[in-house]
Amino acid sequence: MPVAIKQDYYEVLGVHREASPDEIKRAYRQAAMKYHPDRASDVPNAEEMFKAAAEAYEVLSDPEKRSRYDRYGHAGLSGTAVHDFSHMRADDIFSVFGDIFGDIFGDLGGGRRTSRGVDLQTEIVLTLAEVAHDVERQIEFSRNDYCERCGGKGAEPGTAMKSCSTCGGYGQVERTTSMGFFSSRVVTACPDCRGKGSTITKACKDCRGSGRMAKRRIVTVKIPAGVHDGQVVRLRGEGEPGDHGAARGDLHCHIRVEPHPFLERHNNDLLFRLPLSFTQLALGATIEIPTLTGKSVVTIPAGTQHGEMIRLPKMGLPDVRSGRRGDQIVAVLVEIPRRLNDKQQALLREFAETEDKRVLPESRGFFDKLKEFLSTLKD
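Residue numbering for the sequence shown follows my numbering, beginning at 26 and increasing consecutively.
One thing to keep in mind: the hints can contain errors.
No more than 30 Å apart at the CA atoms, straight line, and that leaves these computed lysine-lysine pairs for DSBU-like [what the hints assert, rightly or not]:
1) Lys240 to Lys76
2) Lys320 to Lys368
3) Lys50 to Lys31
I should point out that these hints are in silico values taken from the structure, not numbers from a laboratory.
Please read these numbers as outputs of a predicted model, since none were measured by experiment.
Throw the hints in and build the complete structure from the sequences for me.
Take a look at the structure:
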């Protein structure tokens with residue numbers, strides 16, 4: 026499956042790399058208005074472009090994320106908690122950024138409703154050796170949380186909230202649309218209070234009325250032994266707060282296991298490919314190999330064949346559910362020299378003359394059967 030190439034965030038918003046925070050905010054407002062799914066239903070890929078603009082704005086509006094992006098590009102955001110906008114609705118995306126849109130989208134959503142908080146995404150990188158046992162990892166991330174000054178209400182402490190005069194405190198307004206002889210009633214979010222049912226008389230000085238502030242948070246993630254690449258460890262309630270007192274979202278920690286230079290994972294078993302020379306297989310050898318716990322010595326019996334497997338019991342990875350440990354498997358491979366000097370060729374020819382059925386009974390029997398079969402075929 027091809028890997029999607031992320032667009033440059035500055036190009037997505039149509040701003041230069043030295044753009045000020047106000048210019049970035051203004052560019053995002055324009056992009057959101059242009060590509061909002063309810064306003065741009067006739068624009069191809071409008072929803073994808075709407076979500077791409079949200080992703081770009083989240084990074085470029087955060088000084089720390091923007092700095093990392095400017096220095097290292099998309100790779101610099103690895104391990105940083107960001108929203109997964111691909112599965113979010115438009116009104117949920119708006120809730121991420123507070124009230125920067127004012128009233129321009131007030132008539133696009135539904136009425137007041139309790140909406141669970143947004144989930145956050147981050148990545149945790151482990152080595153294969155770390156997967157062999159339980160791991161605790163501290164991660165730091167940024168999330169929009171309740172403003173401490175106003176408690177998430179958006180109003181300056183000491184000032185009163187007032188019931189919205191437009192919707193009467195319901196958070197919804199009803200409008201009737203007519204088409205010929207037909208008419209329909211549509212209930213939408215109140216454009217004045219944006220579905221909240223109340224309005225503030227004086228905005229909070231810290232959050233400017235949004236009720237949310239970006240905050241850094243450090244949490245400890247417990248990762249069970251045997252976890253697989255691509256699995257997700259979910260921390261319930263570590264996402265962003267919901268609307269109107271609804272439950273918080275979760276923090277999804279996506280596990281990425283770095284490839285080992287020599288060991289390949291196959292479920293809970295580890296495969297080590299061991300290339301040996303013809304003479305080592307014929308005469309036997311003692312070889313030191315890597316394991317997850319250090320080094321181990323394996324004995325290659327004389328006469329070992331290419332492709333044979335030597336199993337080291339319980340030296341693999343534990344099962345993430347049962348804890349039962351897999352094995353490490355040594356796959357023996359013969360490495361044939363591509364170039365031989367005259368002396369080596371002479372010795373091999375001399376050895377070939379000594380081969381008989383007692384030395385190679387299996388191959389002799391195979392070629393006898395092959396010769397007999399070929400004699401039955403037409404030229």
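Quick rundown of the hints versus the structure:
1. Lys240 to Lys76: Answer holds: lysine 240 to lysine 76 is near 23 Å, not above 30 Å.
2. Lys320 to Lys368: It is violated: about 36 Å lies between the C-alpha atoms, which goes past 30 Å.
3. Lys50 to Lys31: holds (21 Å)
Going through the hint list in order, the structure does not satisfy hint 2, though it satisfies all others.
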